[in-house]
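Protein chains in written order, with the working numbering: chain X, 344 to 827; chain G, 344 to 827.
There may be inaccurate statements among the hints.
[What the hints assert, rightly or not] Simulated pairs of lysine-lysine, DSS-like, Cα-Cα distance not exceeding 25 Å:
(1) G/LYS688 - G/LYS584
(2) G/LYS486 - G/LYS579
(3) G/LYS690 - X/LYS608
(4) G/LYS688 - G/LYS579
(5) X/LYS690 - G/LYS608
(6) X/LYS584 - X/LYS486
Calculated from the structure, these hints are not laboratory results.
Number of protein chains: 2
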Amino acid sequence: MFSPLNMNPARVSRYSAKRHVHMSIRIFLAVIASIFVGSAIQMKGASKPNIVMIFVDDLGYGDLGVYGNPTIRTPHLDRMAQEGMRFTDFYSAASVCTPSRAGLMTGRYPVRSGMCSDRRRVLFPNSKGGLPASEWTMAEAIKGQGYATAAVGKWHLGHLPQFLPTSHGFDSYFGIPYSNDMDLLPGSPGGAARSLEPEVEWWNVPLMRDEKVVERPADQTTITRRYTQEAVTFIKSNQEKPFFLYLAHSLPHVPLFRSPQFENKSLRGLFGDVVEEVDWSVGQVLNTLRETGLDQHTLVFFTSDNGPWLTQGPAGGTAGLLHEGKGSTWEGGMREPAIAWWPGKIKAGGITSELASTLDLFPTFARLSGIPESEITQKDGYDLASVLFENGRSARPHFAFYRGTRIFALRMGAYKAHYLTKSAYGGDPVVEHENPLIFNLLHDPSERFDIAGQRPELVKAFENLRTHYLNEAEVVPSQLEIVD
Amino acid sequence: MFSPLNMNPARVSRYSAKRHVHMSIRIFLAVIASIFVGSAIQMKGASKPNIVMIFVDDLGYGDLGVYGNPTIRTPHLDRMAQEGMRFTDFYSAASVCTPSRAGLMTGRYPVRSGMCSDRRRVLFPNSKGGLPASEWTMAEAIKGQGYATAAVGKWHLGHLPQFLPTSHGFDSYFGIPYSNDMDLLPGSPGGAARSLEPEVEWWNVPLMRDEKVVERPADQTTITRRYTQEAVTFIKSNQEKPFFLYLAHSLPHVPLFRSPQFENKSLRGLFGDVVEEVDWSVGQVLNTLRETGLDQHTLVFFTSDNGPWLTQGPAGGTAGLLHEGKGSTWEGGMREPAIAWWPGKIKAGGITSELASTLDLFPTFARLSGIPESEITQKDGYDLASVLFENGRSARPHFAFYRGTRIFALRMGAYKAHYLTKSAYGGDPVVEHENPLIFNLLHDPSERFDIAGQRPELVKAFENLRTHYLNEAEVVPSQLEIVD
Numbered sequence: 344m345f346s347p348l349n350m351n352p353a354r355v356s357r358y359s360a361k362r363h364v365h366m367s368i369r370i371f372l373a374v375i376a377s378i379f380v381g382s383a384i385q386m387k388g389a390s391k392p393n394i395v396m397i398f399v400d401d402l403g404y405g406d407l408g409v410y411g412n413p414t415i416r417t418p419h420l421d422r423m424a425q426e427g428m429r430f431t432d433f434y435s436a437a438s439v440c441t442p443s444r445a446g447l448m449t450g451r452y453p454v455r456s457g458m459c460s461d462r463r464r465v466l467f468p469n470s471k472g473g474l475p476a477s478e479w480t481m482a483e484a485i486k487g488q489g490y491a492t493a494a495v496g497k498w499h500l501g502h503l504p505q506f507l508p509t510s511h512g513f514d515s516y517f518g519i520p521y522s523n524d525m526d527l528l529p530g531s532p533g534g535a536a537r538s539l540e541p542e543v544e545w546w547n548v549p550l551m552r553d554e555k556v557v558e559r560p561a562d563q564t565t566i567t568r569r570y571t572q573e574a575v576t577f578i579k580s581n582q583e584k585p586f587f588l589y590l591a592h593s594l595p596h597v598p599l600f601r602s603p604q605f606e607n608k609s610l611r612g613l614f615g616d617v618v619e620e621v622d623w624s625v626g627q628v629l630n631t632l633r634e635t636g637l638d639q640h641t642l643v644f645f646t647s648d649n650g651p652w653l654t655q656g657p658a659g660g661t662a663g664l665l666h667e668g669k670g671s672t673w674e675g676g677m678r679e680p681a682i683a684w685w686p687g688k689i690k691a692g693g694i695t696s697e698l699a700s701t702l703d704l705f706p707t708f709a710r711l712s713g714i715p716e717s718e719i720t721q722k723d724g725y726d727l728a729s730v731l732f733e734n735g736r737s738a739r740p741h742f743a744f745y746r747g748t749r750i751f752a753l754r755m756g757a758y759k760a761h762y763l764t765k766s767a768y769g770g771d772p773v774v775e776h777e778n779p780l781i782f783n784l785l786h787d788p789s790e791r792f793d794i795a796g797q798r799p800e801l802v803k804a805f806e807n808l809r810t811h812y813l814n815e816a817e818v819v820p821s822q823l824e825i826v827d
Numbered sequence: 344m345f346s347p348l349n350m351n352p353a354r355v356s357r358y359s360a361k362r363h364v365h366m367s368i369r370i371f372l373a374v375i376a377s378i379f380v381g382s383a384i385q386m387k388g389a390s391k392p393n394i395v396m397i398f399v400d401d402l403g404y405g406d407l408g409v410y411g412n413p414t415i416r417t418p419h420l421d422r423m424a425q426e427g428m429r430f431t432d433f434y435s436a437a438s439v440c441t442p443s444r445a446g447l448m449t450g451r452y453p454v455r456s457g458m459c460s461d462r463r464r465v466l467f468p469n470s471k472g473g474l475p476a477s478e479w480t481m482a483e484a485i486k487g488q489g490y491a492t493a494a495v496g497k498w499h500l501g502h503l504p505q506f507l508p509t510s511h512g513f514d515s516y517f518g519i520p521y522s523n524d525m526d527l528l529p530g531s532p533g534g535a536a537r538s539l540e541p542e543v544e545w546w547n548v549p550l551m552r553d554e555k556v557v558e559r560p561a562d563q564t565t566i567t568r569r570y571t572q573e574a575v576t577f578i579k580s581n582q583e584k585p586f587f588l589y590l591a592h593s594l595p596h597v598p599l600f601r602s603p604q605f606e607n608k609s610l611r612g613l614f615g616d617v618v619e620e621v622d623w624s625v626g627q628v629l630n631t632l633r634e635t636g637l638d639q640h641t642l643v644f645f646t647s648d649n650g651p652w653l654t655q656g657p658a659g660g661t662a663g664l665l666h667e668g669k670g671s672t673w674e675g676g677m678r679e680p681a682i683a684w685w686p687g688k689i690k691a692g693g694i695t696s697e698l699a700s701t702l703d704l705f706p707t708f709a710r711l712s713g714i715p716e717s718e719i720t721q722k723d724g725y726d727l728a729s730v731l732f733e734n735g736r737s738a739r740p741h742f743a744f745y746r747g748t749r750i751f752a753l754r755m756g757a758y759k760a761h762y763l764t765k766s767a768y769g770g771d772p773v774v775e776h777e778n779p780l781i782f783n784l785l786h787d788p789s790e791r792f793d794i795a796g797q798r799p800e801l802v803k804a805f806e807n808l809r810t811h812y813l814n815e816a817e818v819v820p821s822q823l824e825i826v827d
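Could you build all of it, start to finish, from the sequences and the hints given here?
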């Protein structure tokens, strides 16, 4: 089904044919062109599609126009959804940054790669650990199929050279290696000033190209624009070769920065300005694909690493009708806006409530890049092709909500069972529910009505599922506890 | 600007021209037709547009797809918003049924008409009061301009003959005179059965045509279909005369009923089935306008009487990211989905966060029907024409959130001040805030971050506004306390 060639001969023919049309033989050439176009269409099934993964930081379920936000305007993402497919029940692999990104990159629950911990929730500047070389990343898988690969934006899977994107399957890297609020410099103000009137100089965040620091502190006011420019340039320079672009915006994570063009643009204030610039960036990427004619040949997937950082007050986003946010295994912590776009291949305007996760993007992308199903050994992901391209059912039967190395909750079909609960960032203890709380998330997305008492068979089925996970998902030593 | 004629000669010409086209003189007639079409376009500015007001019951801010609901599919309302304008900051006149509807019909805060009370929140079957004859309703105003007028659905402004729609400006009426959960018959079950498995026979609700009861108990399983059929027939039979249709669905108020075609249709369960049937109904109305060619000549406005009935558990809706629901002066009680549609006149796909209310629909409709501004004496409403047709600013500077006869909160521009708070239906006392709680609703729609302490000038401005309202909005004796 997939050609092993790196070059797509049909695409090359189509583009070069455009240049030689001469008025006097227009009709003749029109016939020739129609043959080329015909063969291009026939060849498409055999050629390798481009893949663009746009990952943003701390965006909540309710922060986009198309997901119901009242005062943040996101016309480009709204249009992306109208032209593509919108997920309503899509989960990140964890409720905080590092394990979420490890899950995305590996297609495996982060306990398997040691990219979570019960003591330190993410990597910090003094960390010495990172994503182990033994992990097979989506970039390595796709690169192995002859793709050009680029990572642009936030990484947060280890900032020592052996852990950087260029050691994990990306040809190039441009971005910040950990969160934009790390390396706070002594003497910087706290409180509302830090969240609502931040200055670039307060954080000593490095900006890297490949393995080198090129700017420090990174000028975060222009960082979204520069990531975007980098992404557009990469797309334009890879029109003759299939490519995988991982564009991981470091915003709207606090501290919030936006370029002068977006100052006070949003009715929502600073947070809205930042999200609207990210939306603009998505528009630039999609427009580049449209203008180069690659839109019919590129899957673009947009989602966020975890829910909104609610403890940041008005500098944090909203999970809409979902309970809690970032850091929590309630829905608001891990259910994300997610939009897939591929004109001509994904039916326009679809909405799916099928169960899906960032864990599923590894097998989905790997299959599209040409890897046979039998060679995809990542066991936690399910190929989303039938959902995306046939408006079909998801192959995913269940999903685990880890906090650190422990399973706090499980979803199975419409239902979710909580075994452990705790506020996202509070000092309250973990509450163990001997009788789990069970919610029907299709009927009750806000997790208000516990139905465990009426559904003993669900309690039993979830207990079996929990045993399955505890037996099956091995917890390896944590990389996050390796520090200076 | 507006013609006093009831008949629109341009419209009549256009439709009758269609019938006489003969193949052999097609070109000649095409020229003639183009003249007729041209004159129809010229005449449109001078003719009276039709007005369709669709009002639903207890629909929450987060219950439609286009407002972010994950599992209720509302393709017709989503399309209406894509083709029209969606409001993000639109308020009903009260947080419960009777005063909300009084505000809509009169364009005046319900304290002025006696249609609210601090003891009984709405009219009940034993009520003897209703909307006073002295009130000038939007139906009377529009009918006075030569419109055919019809009310279909729930009324709830008095069920004695002198209070019914036909006594308040409507040529005809078909619907239930109060809420669909009134007249509960003795012996009917309570609890989850009543909310999630209701049977028609448990409520002795009358269905009326004009002033006569034609069915009792009303078969609520087919009531949405029958309202829709009534609306479609009214539109089709008024193609030669401007019309005002008030289609007030009695659902998704609990108890929830839907026709067999919608049983288990929604992923959201019973409540979702009911909302999806209401959405289907909106589609039927819009399609009828499209098919008759009246779409370019009709303003359709959709909204709800108040927020979701949260105490009904999964049988109630959701206010999305807003706090609280029906019965409350927090945002969830009174901020509503609202969509305006008029192809060719309202720009497609607009989203407005301008401050607006059901109180504004009286002057908006009255002006469109041909009443000069100087003759519109209803002082609580503001013509929305500039918002709707020019994507302009709202003329409304402020809005009062009444609970019963008391002002609990005020909105002024982006800000809202709470003077009194209380849960929607709980037994807790009213809390008086000597220092009001103040929220910036554009930045903080969930009312989480009180900014009163940092904004003494806002506290002062709100105090002046409260004094203005207390002096200006006269509270007349309540109609709701007149009972058997």
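Going straight from one Cα to the other, do G/LYS688 and G/LYS584 come out at no more than 25 Å? holds, 20 Å
For the pair supplied as a hint, X/LYS584 and X/LYS486, is the alpha-carbon distance within the 25 Å limit? Since the Cα atoms of X/LYS584 and X/LYS486 sit roughly 11 Å apart, the hinted pair holds (cutoff 25 Å).
Verify the proposed pairing of G/LYS486 with G/LYS579, using a straight-line Cα cut of 25 Å. Holds, because 18 Å separates the two Cα atoms, which is no more than 25 Å.
Need the status of pair X/LYS690, G/LYS608: alpha-carbon distance at most 25 Å? Distance of about 21 Å is within 25 Å: holds.
Holds or violated: G/LYS690 to X/LYS608, with C-alpha atoms at most 25 Å apart: holds, 21 Å
Starting from G/LYS688, check that the Cα of G/LYS579 is at most 25 Å away, please. holds, 22 Å
Of the hints listed earlier, there is not a single one the structure fails to meet.
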